[in-house]
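Protein chains in written order, with numbering that gives the first Met the number 0: chain A, 0 to 195; chain B, 0 to 302.
Among the hints, a few may not be true.
What the hints assert, rightly or not - Estimated spans, in silico, between C-beta atoms of each pair:
id, chain 1, residue 1, chain 2, residue 2, range
1, A, His147, B, Lys195, 57 to 65 Å
2, B, Glu187, A, Lys195, 39 to 47 Å
3, B, Gln191, A, Arg30, 35 to 43 Å
4, B, Trp302, A, Gly114, 28 to 36 Å
5, B, Asp119, A, Asp92, 56 to 64 Å
6, A, Ser130, B, Ala273, 40 to 48 Å
7, B, Gln120, A, Ser96, 23 to 31 Å
8, B, Lys284, A, Gln72, 45 to 53 Å
9, A, Pro65, B, Gln191, 17 to 25 Å
10, A, Arg24, B, Ala148, 21 to 29 Å
11, B, Lys284, A, Leu31, 31 to 39 Å
12, B, Ser198, A, Asp131, 46 to 54 Å
13, A, Gln72, B, Glu281, 44 to 52 Å
14, A, Gln72, B, Gly280, 37 to 45 Å
Calculated directly from the structure, the hints in this document are not laboratory data. We treat Cβ as the ideally placed atom computed from N, Cα and C, and that holds for glycine.
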Amino acid sequence: MPGKPTIGIIALQGNFAAHKHAFHRAGAGTRLVHSPEELAGLDALVIPGGESSTMTLLGYENGLWPAVRKMAQAGTPVMGTCAGIIMLAEVLDEEASKVAPLGLLNITVSRNAYGSQVDSFEQSVRLRLDSDERTVPGVFIRAPAITHMVQPTEPFGWLGDEIVAVRKGNVLGLTFHPEMTDDLTVLRHFVGLATK
Amino acid sequence: MQANNDNKDKRKKGTWRVKVGLAEMLKGGVIMDVTTPEQAAIAEEAGAVAVMALERVPADIRRDGGIARMADPDIILKIKDTVSIPVMAKCRIGHFAEAQILEALGVDFVDESEVLTPADQSNHVWKHDFAVPFVCGCRGLAEALRRIAEGAALIRTKGEPGTGDVVEAVRHMRKVQSEIHMLHRCDESELQAHAKELSAPLEQVRYVWKYGKLPVPNFAAGGIATPADASLMMQLGAETVFVGSGIFKSSDPQRRARAIVASVLHYRDPAKLAEISRGLGESMKGLDSAKLPEDQKLAERGW
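Using the sequences and the hints given, assemble the complete structure.
Right under this line is the structure:
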């Protein structure tokens with residue numbers, strides 16, 4: 000039986016504490032990561048929700064983002080939620096963006112695609128994980144939308160017909176917040192990837 | 000698929016979870032007061048997680064006197080058009096019509112704020128009626144829990160806004176934290192008595208007793224002017240800081256804004272803070288909040 004994996008949670012800014020608590024419930028250990036030095040020995044990485052413009056600024060200044068990209072390219076499982084999927088995207092659907100994404104998923108993302116906070120919402124999401132279909136609660140807060148996706152990136156979550164979760168090998172991106180509900184389906188799946 | 004899926008699949012807006020959720024997204028950040036689209040751009044460029052759109056910063060409200068009201072919608076909309084980060088705006092305490100207008104403008108958070116002239120001496124806005132989340136100020140746990148019971152999704156200290164004097168924010172944060180610790184340690188049988196003493200609802204008192212924290216995020220505001228002030232408030236338990244007059248009343252707003260953002264990330268690293276604090280130019284001049292006449296103490300507004 001493999002040991003409990005340690006998941007690094009990027010803690011430049013945002014709801015990293017919610018991820019920490021949710022991953023403890025899902026059976027993983029966690030470490031909050033502020034700088035590249037804190038990445039050593041981690042089994043997986045999570046980029047939480049927050050403001051992607053702030054995260055861009057703070058994480059390039061100390062070299063954290065290039066180090067995260069390197070780890071992802073070397074096969075470490077990485078999951079981004081909300082602002083996190085923005086950081087993982089290839090292209091942003093906006094002019095003069097303050098965000099410099101890592102290009103780890105072949106997607107174009109539009110920030111705050113559903114409008115301002117009064118349009119933030121909860122709605123169920125359909126997931127396909129390990130060829131098993133199920134419905135989980137979705138929390139969308141000033142959420143981004145995936146406006147374009149190409150292979151080898153593939154969808155695994157839908158809000159109606161809209162793609163809201165994608166993966167490319169070891170890299171997962173979700174436009175919603177699985178860490179904010181009691182349903183641990185997505186987090187347990189990710190802990191599984193981190194344990195392999 | 001279950002039969003009740005129809006209901007489950009409906010899109011629900013303005014829920015408690017999405018309100019508190021946005022507050023959670025703002026953690027570990029700096030929220031800056033801005034009065035023009037240019038200032039908003041500077042704030043975003045410097046790494047602010049949100050801006051507070053105002054007609055006048057608190058220091059100018061103090062200087063000018065008169066009745067301070069909700070900002071002109073024009074200013075709020077121009078600032079909304081300029082930045083991609085959340086935009087907050089202030090309504091007067093109890094002025095639910097101003098709050099309704101702010102919600103209609105699509106602001107991301109309403110600050111029911113003592114910085115503006117109160118509109119109701121008895122009642123705060125009943126915030127559960129709104130889809131937009133609210134932040135409210137407090138001087139201690141009792142006030143915080145009353146505001147949360149009314150529907151506030153985020154709490155901040157009141158501090159003494161527009162002074163550049165952090166002493167009141169420190170007093171309020173320390174009071175909240177020590178009252179939380181006291182409640183967390185007490186016996187369940189004492190909760191009703193504590194609720195009575197605090198004049199706070201039992202349900203909220205019970206949450207603090209059980210989890211040792213507020214049911215919503217807890218930020219600092221009021222008099223924060225330097226990276227050291229920001230670090231102080233974070234070390235005392237704040238999860239994010241609001242900076243009002245402190246940035247755009249200083250001699251070099253760009254650098255100061257950037258430095259305060261960095262100081263929140265590195266708040267426990269004195270060597271880094273020393274580096275961050277160098278060469279920022281002059282801080283806002285400020286006022287000694289102890290020497291303010293009673294009728295100019297904004298923190299006394301609201302209950």
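Hints and how they fare:
| no. | hint | verdict |
| --- | --- | --- |
| 1 | A/His147 / B/Lys195: 57 to 65 Å | holds (59 Å) |
| 2 | B/Glu187 / A/Lys195: 39 to 47 Å | holds (44 Å) |
| 3 | B/Gln191 / A/Arg30: 35 to 43 Å | holds (41 Å) |
| 4 | B/Trp302 / A/Gly114: 28 to 36 Å | holds (35 Å) |
| 5 | B/Asp119 / A/Asp92: 56 to 64 Å | violated (43 Å) |
| 6 | A/Ser130 / B/Ala273: 40 to 48 Å | violated (55 Å) |
| 7 | B/Gln120 / A/Ser96: 23 to 31 Å | violated (46 Å) |
| 8 | B/Lys284 / A/Gln72: 45 to 53 Å | holds (51 Å) |
| 9 | A/Pro65 / B/Gln191: 17 to 25 Å | violated (56 Å) |
| 10 | A/Arg24 / B/Ala148: 21 to 29 Å | holds (28 Å) |
| 11 | B/Lys284 / A/Leu31: 31 to 39 Å | holds (38 Å) |
| 12 | B/Ser198 / A/Asp131: 46 to 54 Å | holds (52 Å) |
| 13 | A/Gln72 / B/Glu281: 44 to 52 Å | holds (46 Å) |
| 14 | A/Gln72 / B/Gly280: 37 to 45 Å | holds (42 Å) |
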